[in-house]
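S.K.: With the hints as your guide, set chains G, D and W onto chain H.
There are 4 protein chains.
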Amino acid sequence: MFEYQITVRGYELDSYGHVNHAVYLNYMEQARWEIIREAGLLDQLIREGKKLVVIKADVRYINEIKLFDKVIIHTKVKKEAPYLVFYHKLFNQNGNTRVARAVIKAILLDEQKKPLDIPDEMVNLIAHKQEGNG
Amino acid sequence: MFEYQITVRGYELDSYGHVNHAVYLNYMEQARWEIIREAGLLDQLIREGKKLVVIKADVRYINEIKLFDKVIIHTKVKKEAPYLVFYHKLFNQNGNTRVARAVIKAILLDEQKKPLDIPDEMVNLIAHKQEGNG
Amino acid sequence: MFEYQITVRGYELDSYGHVNHAVYLNYMEQARWEIIREAGLLDQLIREGKKLVVIKADVRYINEIKLFDKVIIHTKVKKEAPYLVFYHKLFNQNGNTRVARAVIKAILLDEQKKPLDIPDEMVNLIAHKQEGNG
Amino acid sequence: MFEYQITVRGYELDSYGHVNHAVYLNYMEQARWEIIREAGLLDQLIREGKKLVVIKADVRYINEIKLFDKVIIHTKVKKEAPYLVFYHKLFNQNGNTRVARAVIKAILLDEQKKPLDIPDEMVNLIAHKQEGNG
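One line per chain: the protein sequences are H, G, D and W, in this order.
When the letters of the first sequence are read in order and numbered with the numbering used here, they come out as residues 34 to 167.
When the letters of the second sequence are read in order and numbered with the numbering used here, they come out as residues 34 to 167.
When the letters of the third sequence are read in order and numbered with the numbering used here, they come out as residues 34 to 167.
When the letters of the fourth sequence are read in order and numbered with the numbering used here, they come out as residues 34 to 167.
Mixed in with the good hints, there may be bad ones.
If chains are identical, the list can't say which one is meant, so a pair holds when it fits in one copy or spans any two.
16 Å max Cα-Cα, derived EDC-like pairs, lysine to aspartate or glutamate [what the hints assert, rightly or not]: (1) 147 <-> 81; (2) 103 <-> 144; (3) 99 <-> 76; (4) 99 <-> 143; (5) 122 <-> 97; (6) 122 <-> 81; (7) 138 <-> 91; (8) 138 <-> 76.
Hints in this document: simulated from the structure, not taken from any laboratory.
Only chain H is shown next, with the shape it has when bound in the complex (with noise of 0.2 Å):
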């Protein structure tokens, strides 16, 4: 399992004075930016212009959260080809409330675009590194 950790900013609230929903998939995409990194693939994938593009969003909002709020996203990783699926559950530290959880689907993609299979090497980097975590 990974876990990142965000603090609400000011500026993500909405007219409403909680965080708007669509900034619930501003965190997890970060989430997942830091998964890529830790897995040591980051610059291979710049490098090679290759893109892990989202296909599918399911997300259920469960609580609000509100300015400097410090949430933790745990996340595991699993291929289903021809996906990479994050399973992502939010928490609130401040009050250890469920915030949300989501399972996103992304494909990858070469540079020109065309639809590659997620390559077992990306997969044992991100579960060597996901087991490691516990």
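M.R.: Okay, now just chains G, D and W, sitting in the frame of chain H:
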């Protein structure tokens, strides 16, 4: 059915050179604000402190969109108690391709953030406008 | 002079219930993309990997703007070597009030991010369009 | 002086592959929220419906920043009636380069959006914290 058009703005592109997946949620949110406005409900909701809050978002991304693309958002609204459900379909006028579709479930909260039944009056005002649009 | 219109979207409001000050920069950026497009320069810049990059932004905020306000952006463009300078004035059509004014200085970078002189051809194409607009 | 650190997130990059110029304003806004919080003023402002609103933003962009860069925001605050003025300097910890500097002038509004004098108590609480930070 409701129809709303949005032109893609330069700052909505991410480092992949296309509209970031979270921005699709922004576009659809704006289409919903417009529906609320067209149905004559906007002032009332603001005055009474009632809020439509997204509880579930299921988005399927079909094609990327880029700077100056004209995105048409078709929306159908149904009451499926306790939710007000928005069925969005996004098209790109440049090429007439499908861009995305989504199901967004919202609940209505009062000023103290207690869930309310979706009032029949709200459903009727939206339905009336929806049918009028053909 | 160039003129661009933007309608305020719901998700652009912050917790103060008005458009966040950073979003004014988004609006003005989009007005500049449109000028580049109208002058017929967009495809060329992208093809050659040249980038107009903001170096200085001086913004004076005059009135708040809110959901569904129609914002008119008037822009004059001048070459003041080594900068291309954009003079923006924003008005709210709802009430005909002044919203903001700004001076944005940009430089032109080549694909290796080396600064370039602003080419006379670029200035002429913009000036031609600008005068045509009256 | 106040110090705040932000790590650049993937979705904050624009199609140029670097942080969009408007996002610098987001970063600085968040640094100001943190100052308000550290000075113990956040709850009071929210409770009394008072708002610090940006009236003038002068930003000088010095170097681009990219994914995972760690940005340090140094801020000094001064009362220059009728404004509360924030002097921001942004550095990139990766390479220790200067990123931007800005002067942001804000006024204080009451719940009816009437301008208020910046209260001495507010200035003292901020100054006390500022000096404590060295």
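S.K.: Work down the list of hints and note, for each, if the structure agrees.
M.R.: Now for the hints, and whether the structure bears them out:
Proximity of residue 147 to residue 81 under the C-alpha cut-off of 16 Å is restricted to the intra-copy arrangement: shortest distance 13 Å within a copy versus 24 Å between copies. For the identical chains of this complex, residue 103 and residue 144 are neighbours neither inside a copy (37 Å) nor across copies (25 Å), given an alpha-carbon limit of 16 Å. In this assembly of identical chains, the alpha carbons of residue 99 and residue 76 lie at most 16 Å apart only when taken from different copies (13 Å versus 34 Å within one copy). Proximity of residue 99 and residue 143 under a CA criterion of 16 Å is satisfied in neither setting, with 38 Å inside one chain copy and 18 Å between copies.
In this homomeric assembly, residue 122 and residue 97 come within 16 Å of each other (Cα to Cα) only inside a single copy, at 14 Å, whereas the closest approach across copies is 27 Å. In this assembly of identical chains, residue 122 and residue 81 lie within 16 Å of each other by CA distance neither inside one copy nor across copies; the values are 30 Å within and 33 Å between. Proximity of residue 138 and residue 91 under a CA criterion of 16 Å is satisfied in both settings, with 9 Å inside one chain copy and 12 Å between copies. Neither within a single protomer nor between protomers do residue 138 and residue 76 lie at most 16 Å apart by alpha-carbon distance, with minima of 22 Å and 33 Å respectively.
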